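Student: Taken in sequence, the protein lines are chains L, X, G and C. Take the first sequence: its position 90, counted from the start at 1, is 90 in UniProt numbering, and no numbers get skipped. Take the second sequence: its position 239, counted from the start at 1, is 239 in UniProt numbering, and no numbers get skipped. Take the third sequence: its position 246, counted from the start at 1, is 246 in UniProt numbering, and no numbers get skipped. Take the fourth sequence: its position 223, counted from the start at 1, is 223 in UniProt numbering, and no numbers get skipped.
The reader is advised that the hints may include incorrect statements.
[Unchecked claim] Pairs of lysine-lysine residues, derived as DSSO-like cross-links and limited to a Cα-Cα distance of at most 27 Å, are as follows:
#1 X:LYS365 to C:LYS365
#2 X:LYS143 to C:LYS359
#3 G:LYS195 to G:LYS49
#4 C:LYS359 to X:LYS365
#5 C:LYS365 to X:LYS143
#6 X:LYS365 to C:LYS143
[What the hints assert, rightly or not] Label-pair restraints from in silico Cβ distances:
#7 C:THR151 to G:SER320: 34 to 40 Å
#8 X:THR166 to L:GLU196: 46 to 52 Å
#9 G:ASP46 to L:MET153: 30 to 36 Å
#10 C:THR151 to L:GLN308: 48 to 54 Å
#11 L:ILE259 to X:ARG324: 33 to 39 Å
#12 L:GLU315 to X:HIS170: 34 to 40 Å
Keep in mind the hints are simulated off the structure, nothing from the lab. Note that the coordinates shown come from a computational prediction; the quantities given were computed from them, not determined experimentally. Note that CB positions come from ideal geometry on N, CA and C, so glycine has one too.
The primary structure of each chain is shown beneath.
Protein chains: 4
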Amino acid sequence: MAGSYFGNSFRITTWGESHGPAIGVVIDGCPSGLALSAKEIQCFLDRRKPGQSRYTTQRNESDQVEILSGVFEGRTTGTPISLIVRNQDQRSKDYGNIASCYRPGHADFTFDSKYGFRDYRGGGRSSGRETIGRVAAGAIASKLLAEMGITIMAYAKSIGPVTVPTSEYHLTEIMENALYMPNNTYAGQAEIYLKECMERQDSSGGIIECTVHGMPAGIGEPVFEKLDASLAKAVMSIGAVKGVEIGDGFQAATSHGSINNDAFTCENGSISKLTNHSGGILGGMSDGSDIVLRAAFKPTPSISQVQQTVTTTSENIDLSIHGRHDPIIVPRAVVVVESMVALTLIDLLFANMSSRLDKILSFYKR
Amino acid sequence: MAGSYFGNSFRITTWGESHGPAIGVVIDGCPSGLALSAKEIQCFLDRRKPGQSRYTTQRNESDQVEILSGVFEGRTTGTPISLIVRNQDQRSKDYGNIASCYRPGHADFTFDSKYGFRDYRGGGRSSGRETIGRVAAGAIASKLLAEMGITIMAYAKSIGPVTVPTSEYHLTEIMENALYMPNNTYAGQAEIYLKECMERQDSSGGIIECTVHGMPAGIGEPVFEKLDASLAKAVMSIGAVKGVEIGDGFQAATSHGSINNDAFTCENGSISKLTNHSGGILGGMSDGSDIVLRAAFKPTPSISQVQQTVTTTSENIDLSIHGRHDPIIVPRAVVVVESMVALTLIDLLFANMSSRLDKILSFYKR
Amino acid sequence: MAGSYFGNSFRITTWGESHGPAIGVVIDGCPSGLALSAKEIQCFLDRRKPGQSRYTTQRNESDQVEILSGVFEGRTTGTPISLIVRNQDQRSKDYGNIASCYRPGHADFTFDSKYGFRDYRGGGRSSGRETIGRVAAGAIASKLLAEMGITIMAYAKSIGPVTVPTSEYHLTEIMENALYMPNNTYAGQAEIYLKECMERQDSSGGIIECTVHGMPAGIGEPVFEKLDASLAKAVMSIGAVKGVEIGDGFQAATSHGSINNDAFTCENGSISKLTNHSGGILGGMSDGSDIVLRAAFKPTPSISQVQQTVTTTSENIDLSIHGRHDPIIVPRAVVVVESMVALTLIDLLFANMSSRLDKILSFYKR
Amino acid sequence: MAGSYFGNSFRITTWGESHGPAIGVVIDGCPSGLALSAKEIQCFLDRRKPGQSRYTTQRNESDQVEILSGVFEGRTTGTPISLIVRNQDQRSKDYGNIASCYRPGHADFTFDSKYGFRDYRGGGRSSGRETIGRVAAGAIASKLLAEMGITIMAYAKSIGPVTVPTSEYHLTEIMENALYMPNNTYAGQAEIYLKECMERQDSSGGIIECTVHGMPAGIGEPVFEKLDASLAKAVMSIGAVKGVEIGDGFQAATSHGSINNDAFTCENGSISKLTNHSGGILGGMSDGSDIVLRAAFKPTPSISQVQQTVTTTSENIDLSIHGRHDPIIVPRAVVVVESMVALTLIDLLFANMSSRLDKILSFYKR
């Protein structure tokens with residue numbers, strides 16, 4: 001099966017291994033007429049780059065994106081957009097002992113189980129570098145959404161046990177701290193926590209929250225292509241995500257209908273909800289409120305502590321992983337979550353265009 | 001867009017409204033040679049039937065399934081299997097006021113937003129009866145899995161605040177109580193809790209857990225068609241689900257790599273994990289351990305308490321919903337979760353068959 | 001793989017065997033708001049019914065269609081439309097010897113090769129009755145197209161060697177003769193030819209031509225989802241079709257660029273072509289001229305003459321096929337071609353809606 | 001809609017414009033373990049290169065392919081294979097007047113109709129260079145098929161009116177003449193014919209035939225994903241193809257069942273057919289005989305003769321196209337047909353693997 005594509009109307013296919021010559025993505029189905037430059041895509045990519053703070057790896061990866069097709073005279077043409085990023089900092093000796101053993105928490109064992117062998121250099125296809133293609137495509141999807149008045153914002157709600165309560169969000173501070181938290185004070189606490197983790201040669205997990213503003217109501221397809229189901233898949237497809245929830249999420253399990261139901265109200269002919277326990281989605285379709293989604297990330301599996309594992313020849317060994325590793329994935333993954341949400345929304349917005357005969361007739365009226 | 005189909009190699013398409021003439025499903029891609037009778041499918045359907053206990057609606061729906069195609073002389077032929085269940089108990093007057101207003105927590109508003117109007121009788125396509133098609137197809141997927149030595153078990157881990165700790169699971173008790181909880185004592189407490197909800201004309205949410213035993217390692221496609229991502233979409237596509245997690249799920253966000261990583265070990269040439277924080281999935285592929293998944297269900301939105309809402313003509317009103325409604329969806333949804341998991345697994349097992357050249361050559365060797 | 005569905009945005013799934021309880025189709029992705037009755041679908045189905053003339057089988061199949069979902073108060077709701085036709089005239093003893101041998105020109109051998117066994121009654125899934133689902137769905141697609149000002153017309157251009165030259169088309173006569181030829185005089189000659197075939201216990205092939213009027217320019221997706229490629233697949237998927245051509249088709253192979261190129265001209269600001277060798281398609285997209293397509297049908301494989309074949313146990317035998325069989329498939333297939341063309345066009349018209357950013361913004365402008 | 005991908009299990013996505021920086025393809029779903037080098041792919045690409053004879057353009061395009069991902073230590077890993085060919089000989093001034101007018105027989109008008117504007121340099125995405133991606137992927141599919149014992153051979157059956165009768169095929173001569181015809185004498189006649197076309201500043205069409213040897217019986221999915229239907233779409237998606245036929249094709253329309261039916265016979269337990277009018281496909285599945293397919297190519301639309309057309313600002317003009325153009329597409333398209341056939345077969349071979357329960361159980365037996 002082909003597992004490296006995402007979306008139907010706006011379809012992306014990512015390719016590339018951590019230590020191959022390059023990594024990239026092809027976007028098939030981007031509409032014509034969007035002004036687009038490599039610089040705009042680069043801005044998105046720079047948000048996932050390492051070396052932004054001391055809590056992310058210090059490798060010097062420039063990750064410059066090049067547009068190879070689908071853009072002519074500064075605008076998209078409607079044909080596939082091919083984006084490529086050359087891999088540069090490939091110190092393969094750093095990853096030597098991965099070849100012969102299965103790192104705990106990594107995909108080494110499952111790749112070998114599936115394919116019989118694997119490109120072991122730097123995690124190969126399961127490396128975090130695979131998200132470069134997602135983010136490059138996400139930059140384009142986000143720009144399309146912005147043209148439609150739809151904006152997406154993601155941030156680190158929790159770093160380990162340090163959680164910013166919704167009541168203390170200062171959204172302007174997200175870009176002010178290296179952890180992308182919506183509160184600089186909590187970010188300071190989280191930094192202390194991460195420092196302790198690093199000293200223990202350990203790593204931490206966290207939670208990313210993502211909100212979408214400006215979605216028209218009625219987007220998403222009932223039954224299997226529900227907006228929330230599609231978002232869940234999109235976000236869960238990011239390497240380290242172990243849970244996804246919408247609106248009140250797992251808290252809804254202990255709630256009551258009388259609380260969890262959002263009352264509708266009408267003012268000046270405009271229908272809205274008094275609360276947003278639903279997280280902006282009802283019956284799998286957007287309800288006009290902000291979409292609210294959270295994703296739980298597991299701790300970075302690469303830690304320097306000695307771990308027990310087995311070799312590819314079935315010997316039990318003690319493994320020490322060397323090299324530079326983030327003690328937490330969350331800050332760099334913020335833009336990845338944002339990208340996956342953007343890709344999901346644009347695809348369902350396009351799919352929705354053939355939902356009503358009256359609107360189709362109006363579209364094709366000549 | 002077509003949103004009522006699920007799966008690729010083993011593809012189902014469900015159809016039908018709560019109060020239309022019938023509800024059904026077409027399964028396209030079921031392999032030939034499976035012994036199959038309507039009776040086996042009926043056993044699955046009976047698990048989602050109302051009237052099983054006093055905590056589920058007392059309507060008398062017989063929901064008898066009929067096989068219309070794809071089975072010949074008791075075995076599947078490889079051609080589409082069409083299953084139909086006639087709707088019988090359609091007291092449409094019960095649902096009269098739904099036509100002109102938007103019930104809080106329901107899909108009435110979003111359906112109208114998308115399509116311009118809706119079949120308002122009993123929720124139409126967004127009714128819980130839509131899951132009949134899923135469960136009928138799930139029965140077949142489960143039987144295929146069983147032939148391959150793979151078994152799925154779902155149960156109610158939590159009913160509102162009543163949660164059965166993993167250490168107190170008695171799996172044989174699942175079928176002994178009406179709530180499908182893995183511990184009869186906790187089920188008793190949950191019954192008391194639900195009784196209180198009903199007395200307050202309120203409803204409750206809960207959590208369903210699902211485990212899969214016997215999956216070979218390496219199933220699932222890296223990147224976008226990951227096993228966990230696919231499971232998340234499948235389960236989140238069930239009406240009332242607001243969150244999905246795999247293994248340690250949201251708890252992983254506060255864990256450390258040194259704890260969350262499952263060590264590998266090898267005994268007698270067989271590789272396994274010492275713990276299962278990963279919930280049986282690494283890098284989007286099965287790792288050979290049991291798959292563990294949890295889904296959070298919101299409280300039933302239909303409650304008898306007066307609620308504030310708006311009419312389809314934008315007037316603010318107070319709404320009282322009458323009729324028979326479950327105070328909780330969870331017990332009837334257990335088999336739906338099991339079905340969606342089965343459908344996801346069988347599809348990815350089939351997709352996996354073309355992963356390795358040596359196995360393809362062995363398959364086609366003549 | 002799931003092979004019984006067609007289309008993406010407007011997706012149909014057909015099911016059912018010739019001698020099973022019923023045959024049907026599910027249409028997923030039909031927009032809301034289309035006025036639709038069973039009677040309108042029945043009109044299409046009646047055109048493929050046997051017993052219309054003495055050149056089609058005399059079985060008395062009423063083939064009454066029932067709408068099971070997706071229509072409410074006379075209009076489509078946007079949810080899946082399930083259509084069913086009960087099988088009635090199932091004289092299974094007519095088909096007895098098919099069970100144990102492979103009829104030449106039929107799918108018996110290939111079904112057994114693929115699936116290990118087959119539903120041998122009346123051809124099972126490979127029966128011409130499979131097209132009932134296509135035509136029922138085609139009726140809906142055709143009505144949608146008509147609302148958009150797009151009309152499709154198919155007819156028998158050739159019956160065996162009797163071919164109506166384009167210069168002698170009288171389109172009003174198509175419905176006046178039992179063979180659906182666009183010239184009653186040629187139809188008379190074709191009847192004499194078919195009578196001779198029947199006397200020799202033999203069968204005949206023919207050619208169906210289909211034209212589409214009113215298509216806007218630019219429909220179809222470049223590269224792999226070209227309009228002509230999609231039409232070719234759609235039409236070639238009809239059982240007995242062995243060739244498909246667009247515009248000048250195979251004659252273009254012996255033509256010259258100076259002749260085959262259609263000159264563009266502009267009158268009153270409207271661009272059109274002076275000729276239509278292209279058959280209305282350039283670069284895989286509609287060019288605004290009428291679409292012209294032809295499909296070659298092989299002779300009905302079921303003939304009464306003794307034929308040489310083998311049994312399922314690998315014995316060489318002489319086979320005599322009894323029962324009622326059309327000496328030609330073409331007349332009944334005219335509406336099937338029309339349906340497949342309609343299904344292809346509607347799907348690509350929907351897909352095209354997200355091609356241009358300016359049109360998307362106009363669609364979602366609030 | 002995304003139109004630049006092909007296939008499901010073995011899915012390719014092509015990208016790139018004639019005069020952009022590069023052209024390429026991503027293959028998603030190639031199984032692991034195939035030995036693969038850029039050199040092998042280059043051999044296929046060289047067969048579609050211009051400058052091979054005086055009947056194809058004399059541009060010096062080196063078209064060197066580079067493998068960017070999916071291959072490790074000389075073998076495919078199961079992850080996406082990204083192939084890229086840099087564009088080199090881009091003399092954009094040659095194509096200047098294309099920007100402002102619609103060339104007859106080209107996709108200029110339809111691209112503008114669909115997308116509002118187009119990359120006019122050298123035909124942009126509708127250039128014949130788009131097939132580079134197809135052929136690069138086709139090389140891999142062909143190698144996989146060869147491992148399975150399946151071989152494909154295509155050749156020019158007709159160049160304009162010069163047709164090689166089947167009885168005079170000398171297959172070893174295909175590679176001996178620049179036109180890839182299966183008879184050097186006919187190739188000589190065709191060369192004279194093409195010379196005359198060029199002197200008249202005109203172009204010619206032709207017919208490519210393709211045969212497949214070694215296909216197991218039962219490949220292809222009944223109903224809509226039939227082998228012949230899938231092949232028809234694949235081949236018709238090549239730019240200049242106007243018709244496709246299988247086996248006797250359009251001749252079957254004037255044949256009789258008694259002739260067209262292929263008798264089955266059994267010798268030493270092996271079932272075969274005495275004739276092959278079916279072209280190796282019955283009921284949409286391979287029947288074990290050689291697959292035979294023909295595609296009709298229209299004459300190259302780019303001719304030097306003055307042609308009537310309109311500008312993008314709707315003025316009627318006389319157009320003279322300068323630059324270097326092939327008087328015929330057929331010879332360079334032979335390997336493209338072969339590639340599209342290979343891609344179709346490998347996809348359906350993979351899809352077929354989940355058709356039978358007994359074979360699935362055998363595959364997953366542990």
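Student: Determine for every hint whether it applies to the structure shown.
Tutor: Hints versus structure:
{"no.": "1", "hint": "X:LYS365 to C:LYS365", "result": "holds (17 Å)"}
{"no.": "2", "hint": "X:LYS143 to C:LYS359", "result": "holds (16 Å)"}
{"no.": "3", "hint": "G:LYS195 to G:LYS49", "result": "holds (20 Å)"}
{"no.": "4", "hint": "C:LYS359 to X:LYS365", "result": "holds (12 Å)"}
{"no.": "5", "hint": "C:LYS365 to X:LYS143", "result": "holds (16 Å)"}
{"no.": "6", "hint": "X:LYS365 to C:LYS143", "result": "holds (16 Å)"}
{"no.": "7", "hint": "C:THR151 to G:SER320: 34 to 40 Å", "result": "holds (38 Å)"}
{"no.": "8", "hint": "X:THR166 to L:GLU196: 46 to 52 Å", "result": "violated (29 Å)"}
{"no.": "9", "hint": "G:ASP46 to L:MET153: 30 to 36 Å", "result": "violated (57 Å)"}
{"no.": "10", "hint": "C:THR151 to L:GLN308: 48 to 54 Å", "result": "holds (51 Å)"}
{"no.": "11", "hint": "L:ILE259 to X:ARG324: 33 to 39 Å", "result": "violated (22 Å)"}
{"no.": "12", "hint": "L:GLU315 to X:HIS170: 34 to 40 Å", "result": "holds (39 Å)"}
Checked against the numbered hints above, the structure violates hints 8, 9, 11; every other hint is satisfied.
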